[in-house]
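Novice: Sequence:
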Amino acid sequence: MTVRSQAELTIRDRFQQLVPQMILLHERVAKEMGLSAVALQALHLIDLHDGPISPTELSKSSGLPRSTVARVLAALESDGYVRRTEVPGDGRRALISSAPKARTVGTRFDLYADAMRAVSADFSATELAVIARYWDALLQAVEDRAADN
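Here full-length UniProt numbering is used: position 104 in the sequence shown is 104, and no number is missing along the way.
The set of hints was computed from the structure by calculation and includes no laboratory data.
Every residue gets a Cβ at the ideal spot worked out from N, C-alpha and C, and that includes glycine.
It is possible that some hints are incorrect.
[Unchecked claim] With a Cα cut of at most 30 angstroms, we get these calculated DSS-like pairs of lysine-lysine: (1) Lys31 with Lys101; (2) Lys101 with Lys60; (3) Lys31 with Lys60.
[As the list claims (entries may be wrong)] Per label pair, the in silico range of CB-to-CB distance: (4) Ala137 with Lys60: 18 to 24 angstroms; (5) Leu9 with Val38: 30 to 36 angstroms; (6) Thr2 with Gly80: 52 to 58 angstroms.
Take these sequences, add in the hints, and give me the full structure.
Specialist: Shown next as structure tokens:
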């Protein structure tokens with residue numbers, strides 16, 4: 001086995017180990033916050049979006065049916081995690097943004113952000129740039145495949 005093929009195999013194996021750990025972490029945090037796992041993911045997508053997001057955009061980015069997104073957003077709004085703002089001139093459309101209470105969810109992940117910073121300290125800036133480029137390419141490949149389905 002070549003060094004490259006061994007490295008590719010190790011990356012794939014570690015990714016396969018990381019995915020279920022992240023899913024379980026998100027489920028634990030959702031449960032602690034009294035949210036469904038889907039609601040936590042929706043809240044995360046809202047936070048990642050550059051500015052307010054429409055329910056239709058959220059449906060597209062999450063792959064969830066619009067009816068599910070509507071129910072999830074109603075629950076998040078009722079619990080104070082998101083705000084709904086009507087689009088001026090179009091009372092049928094709304095934009096969704098995070099409410100201040102949503103920041104309490106982010107604090108649940110601080111421990112893991114601290115762990116990432118600690119691990120990053122063991123790598124040079126050049127190594128981190130390569131890792132970042134790899135993750136960017138992987139994210140793009142996953143998004144492209146999801147868009148095809």
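Novice: Each hint needs a verdict: does it hold in this structure or not?
Specialist: Right, here's what the structure says about each hint:
| no. | hint | verdict |
| --- | --- | --- |
| 1 | Lys31 with Lys101 | holds (16 angstroms) |
| 2 | Lys101 with Lys60 | holds (25 angstroms) |
| 3 | Lys31 with Lys60 | holds (25 angstroms) |
| 4 | Ala137 with Lys60: 18 to 24 angstroms | holds (22 angstroms) |
| 5 | Leu9 with Val38: 30 to 36 angstroms | holds (33 angstroms) |
| 6 | Thr2 with Gly80: 52 to 58 angstroms | holds (54 angstroms) |
Of the hints listed earlier, there is not a single one the structure fails to meet.
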